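Chemist: Residues per chain are reported as follows:
There are 4 protein chains.
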Amino acid sequence: MSSVVANKRKIINDPVFGFISIPNDLVFDVLQHPYVQRLSRIRQLGLSNFVYPGAVHTRFLHSIGAMSLMQDAIAVLRQKGIEISHAESIAAQVAILLHDVGHGPFSHVLENTLVRGLSHEQVSLRMMQKINEQMQDKLSLAIQIFTDEYSRHFLHQLISSQLDVDRLDYLCRDSFFCGVSEGTVASARILKMLNVLDDRLVVESKGIYSIEKFLVARRLMYWQVYLHKTSVAAEQQLIYILRRAKDLAHKGQDLFASDALRFFLYEDVSATDFLTDDSVLDKYALLDDSDVLSAVKQWQNTGDVVLSTLSRGFTNRCLFKARMSESPLTEQERKELREQYARHFGIDEQQACYFFDEYSVSKDTYSPRDDSIDILFADGTTKDISQASDMLNLRMLTRRAVKHYLFYYKI
Amino acid sequence: MSSVVANKRKIINDPVFGFISIPNDLVFDVLQHPYVQRLSRIRQLGLSNFVYPGAVHTRFLHSIGAMSLMQDAIAVLRQKGIEISHAESIAAQVAILLHDVGHGPFSHVLENTLVRGLSHEQVSLRMMQKINEQMQDKLSLAIQIFTDEYSRHFLHQLISSQLDVDRLDYLCRDSFFCGVSEGTVASARILKMLNVLDDRLVVESKGIYSIEKFLVARRLMYWQVYLHKTSVAAEQQLIYILRRAKDLAHKGQDLFASDALRFFLYEDVSATDFLTDDSVLDKYALLDDSDVLSAVKQWQNTGDVVLSTLSRGFTNRCLFKARMSESPLTEQERKELREQYARHFGIDEQQACYFFDEYSVSKDTYSPRDDSIDILFADGTTKDISQASDMLNLRMLTRRAVKHYLFYYKI
Amino acid sequence: MSSVVANKRKIINDPVFGFISIPNDLVFDVLQHPYVQRLSRIRQLGLSNFVYPGAVHTRFLHSIGAMSLMQDAIAVLRQKGIEISHAESIAAQVAILLHDVGHGPFSHVLENTLVRGLSHEQVSLRMMQKINEQMQDKLSLAIQIFTDEYSRHFLHQLISSQLDVDRLDYLCRDSFFCGVSEGTVASARILKMLNVLDDRLVVESKGIYSIEKFLVARRLMYWQVYLHKTSVAAEQQLIYILRRAKDLAHKGQDLFASDALRFFLYEDVSATDFLTDDSVLDKYALLDDSDVLSAVKQWQNTGDVVLSTLSRGFTNRCLFKARMSESPLTEQERKELREQYARHFGIDEQQACYFFDEYSVSKDTYSPRDDSIDILFADGTTKDISQASDMLNLRMLTRRAVKHYLFYYKI
Amino acid sequence: MSSVVANKRKIINDPVFGFISIPNDLVFDVLQHPYVQRLSRIRQLGLSNFVYPGAVHTRFLHSIGAMSLMQDAIAVLRQKGIEISHAESIAAQVAILLHDVGHGPFSHVLENTLVRGLSHEQVSLRMMQKINEQMQDKLSLAIQIFTDEYSRHFLHQLISSQLDVDRLDYLCRDSFFCGVSEGTVASARILKMLNVLDDRLVVESKGIYSIEKFLVARRLMYWQVYLHKTSVAAEQQLIYILRRAKDLAHKGQDLFASDALRFFLYEDVSATDFLTDDSVLDKYALLDDSDVLSAVKQWQNTGDVVLSTLSRGFTNRCLFKARMSESPLTEQERKELREQYARHFGIDEQQACYFFDEYSVSKDTYSPRDDSIDILFADGTTKDISQASDMLNLRMLTRRAVKHYLFYYKI
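Line by line, the protein sequences give chains A, B, C and D. Be aware that the first sequence starts at 1, since it is given in my numbering, and climbs by one per residue. Be aware that the second sequence starts at 1, since it is given in my numbering, and climbs by one per residue. Be aware that the third sequence starts at 1, since it is given in my numbering, and climbs by one per residue. Be aware that the fourth sequence starts at 1, since it is given in my numbering, and climbs by one per residue.
Treat the hints as calculated values from the structure; they're not laboratory data. A few of these clues could be false.
Copies of one chain are not kept apart here, so a pair can be met inside one copy or by any two copies together.
[Said to hold, decoys possible] Below, computed lysine-lysine pairings styled on BS3-like, alpha-carbon distance capped at 30 Å:
1) Lys229 with Lys251
2) Lys335 with Lys383
3) Lys283 with Lys138
4) Lys251 with Lys283
5) Lys138 with Lys403
All values reported here derive from a predicted model rather than from experimental measurement.
Looking at chain A on its own, in the form it has when it is part of the complex:
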């Protein structure tokens, strides 16, 4: 069936980048795979829409957008004389299309509750391998590029590095849907400045200011969107909800949940199970935002005070308050809070712990340790951006900014 459809619908309309072409049948078949279609039911920014109500775009569209930037990047590099074969081009596109396929709904929340000890990157790789099996190994090169086992390192860097098309897409896209115009980065311009030297991605020196701007925009998006205290508060609340639900499940209480969600609530799944037992992966592949939202909504009416209170708050946007704090709570302060909530709700102090939390968020803007951004000068030499820019310097950029928060349920 897919081949018929493939003929009919080769262009996707993206509000951010305009028309995006699906280059061939393989990419189309990958797009149609249930693992990928599932991303169309998972929001890219999880709970950010509590703050930015336009931010409801999906991981599906992000993946397609990143693929489109990959097409542009390859065209730019080819124009500069870097030879990239058709097979490499398609593989790089497939790899970026699938780079996030392992994400679950509210990924950060899930990794702290139902699927502990497992990163979405590991799941992505596992899923790619499964799709590869189903598609007669046509994804092998894509997987090699994804895992950086292919001989040409720069192709991997286009997928995962400080300047990869993943970041270029999500900064553009997230700022677009949030309405935070300041987060926009000039993707087209940055791509135009890319080059390859000794099998590594470099940025031509006239692109220095664009890179500075890119780093500042990214930083702004972190503090203004990704780590916005209200989003983080909502995440904490959802973490507590799922933890409480799991506790109750383990005590044998029957909770409303789809089969897929039920599995992860009632079973204890280890990272190993995940990577070895296909039935676990199959369950996971059925999860999306709707399972969680629908269950939490129904849990409003559960008998348990903790679960129903937090679920009702979550559903009706009565979220944890966030207060920035200089230092962690003292033992005494924690005790008082416990007592206060216990008294208010008529619950024990252990349950009272579900109504407040401490949290630290930290972010460094740029870390050359992991992977640098190399600037290429006219004389053929390169420097790391932290050396090349007279504005940015290493100390400043690598300094971790840390913020402490107290989250608590307003009573």
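Go by the hints and put chains B, C and D onto chain A.
Modeler: Using the frame of chain A, we list chains B, C and D on its own:
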């Protein structure tokens, strides 16, 4: 609690219109009402994201955007000397904020399956009345304006007429999120041209070309987005899924569903029940997209061939094909199709009817019968746009365009 | 020298379409030709900036933008299997780059005063031939395409037809710089829908709504921008200024003017002179907006009442008033106006005629007589858009809209 | 006459900010003043269109845009409880409308050639005073605010400080017309964050990231646009052209020039003459881009080798080449260059100096010495942005970046 929050968050960031201010506490409280928060889990365009993957924006943001245009419209009219009191201004904003509150998930689908015989307008009014009761009648003026029982007709027209802020918002917004730039209308410009004559909204004559453009953009959006054959096909498929689920429910089969969805699957609810029995409304107010999506996904694994086949297709984007046709199927053709599906799936011919459908969509661009667009000339006279424009003429605009489709499951 | 420069600057930054690439050295050399550089001193919209102060963009940028759309159009057609050779591609780009090269400053004004009887198209062709001589006949194919003498008609249609890239660029560009967002056409989308059938450009049928929208946008731009009464009034005023200056010149009065402008003021140049005498073309090729603006500014202080009054008004934006009228002035009314201005300025009635004018503007939206827009249906048949659209009809679209104005100097 | 016009045209269409309202008759009359209308013939970015062909916007539109931001800023401050009277509001708008009125064509060029020793700020003030005399002192408050002699300092800061509406407009506007999207600053967002503390403008602390972004965008615009080497090269070439013309004028040679330009070529005008002799100001007020462009174009055909060569190059975009250099030329190198050009053109070594130049450009991103950006924290304290930001630090921001160039005519 809400008043505290109200102090903190009076500006909403909208990717379409920028910063939108919440004007006062009443509006904030309305925004926080569970009926309204629920709209943040209902997509404005239902299933259009199968075609336009960016089109996942919610009815919540549309309502806020329309409120913002109402603020602009009032400011324009006041500048032209039309007196509008503070109370009227707030009421008009509340009315537009709530104009769509009665929408359920996939509204058109629901009205054809679970809540037959009931329009979302009726539910909106019922919900407004309920909120009004809870808020000490502070919404009475808003409701009067909504129902056109208030003495000043033009305020109602701003909410519901050929040029209301509802339309101006959704055309802008839907085209923005779909990435169909041609659907954009110049809302700001059109609002600048509004005036009031004899208690009716009129458009100043220099706005004629903008109105022509507005009508053409609307028409384009209808055919290119709202009535796109793939969206309509997906809707038909979902209608069949829910009808089959309801059939099975009535036969006593146990299907996965949230309590709210279960209620409408297993009970037969009449329009009267809805408007008289608060418990029915309460159930309805718990429904959103997640209930439907989550259930359909799980129904993939139901024993029933019809339900599982259609649900699996819906979840994995294997949708009904649509073929435009000149004329309806003959009885003979219908019979052959029934036999074909019956044979293929090993089901009876009655069940086979779930795999194809005929459908006609029709739309007239502009109908002065319902409500005209009056153009105000410098000499104080007015003409209907179909008279005032030398391009548009009544016959053309009021001609209904009709398209016939055959939808069928590809085997 | 140019080849060195060519290496350095192959990308132009266009606020409308983003990065535009200069494809090869020939195109670069054409861009650097003095005839083309001159377009960077000629505003695309003449005097429209009196109404839309942002509309100061030049014919130079329009030419480059149109070239960019030509690149896109060729890419689309090649993707659909239409073979277009490299030589044809470059020639088409050169042809569109030069399609307006014959424009003088305030083209419409000049054609009514200093260079009567000569269209800018004729001058464009003459200039192309001159450049061709200087560039060893490298432009011969471009000229053939421009004049429709090349065997492949559709290439000419891309340059000059109802849907040429000239129109697509200027509608986008003019609406962008004017800030009239409603005039924008979805160039990218329309180009995607182009195809070639029997050597003619056609639009695929799913593009019908875009074409409708294009025609309406064009119509809107005509009435709201190109034929805006204040721009037309300013044009009329400039026509009168130049006519008066020419009269005075012929009477032997010494007026400030650059050599190039002086030539056309003091000599009577026929169309034949133009096309046969290279020295006339050389003079013309030196004219740009600055000659006219600078001269008119200085003529404020001329002794002649007519010339100084109109020039002072023009320089300080005291323009002719425009009043729409149903019918032409009667002989009696004309006489009264003449007497009034004669009395006011102490001039004779012949001179008084310089202070008012009548003018009719007319425009038909679409005329299939000249060149149709053919819609291609799935079954391979074509229909003219006026037949294919259920909204537009021939009678309506071909009806000429006419408006009469009286322009007069306010005293 | 103007009052009549005032009634008719109170809204200006700006491609950057949309509709801009002229608030009252005084502002309209100021807009219509010949000093201000003259700005519509002076390009905001001088010669930047040699690099960015879209950058032909005028100082007129910039002034109007800045006025529009002033309206927004005042509305924001009033909403926060800062009382600003109607008279203050109008005065602030008039002051910003006139803040650049003293600019001549190619301001930097002129200040280095024809009007040495005089800043455009001084001329702006002088012109404001003249307009004030003509308008019955209605501009007195505006002038006080402009010169910071009014009691409320923050009103002056809105016109002239690190975060004034002048900068906010020109960064937005210049990046828009250049097509350098990275230079855009979120003016609307920054304005929303303004407040007044102790009569000084401050930025609320949640605006820190926006301010960081603003500083980085400004820095990018400096190096990518304002100090782009090709623009600077073109400026140097024009400086040499005017110097050579002045030399020839002083030697008694007759050169083509409008009366206004002629005056400054043939007379030696001191700064004192300017501020004391109204006839000098009157001449200056007649100068605009067209006088310079038209004259240089004609000087192509002058007998003088230096003037004709440089003028021909300027007119046909054969500009000085720019080469970045580490150190200044040695005396020996300068000598060799002089000899080379002298030989090539058959001129003496003094004239040969007109064909090359050295130039240093420097820029600090932010200098708290001049005027700081104060960040207001929730506890009521303020810090300078260089203290408040964990990314920016004083040392880095105040470090002057310097670049040396050699400019030379390519032979």
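Chemist: Of the hints given before, which are not true for this structure?
Modeler: Hints 1, 2 and 5 not satisfied by this model.
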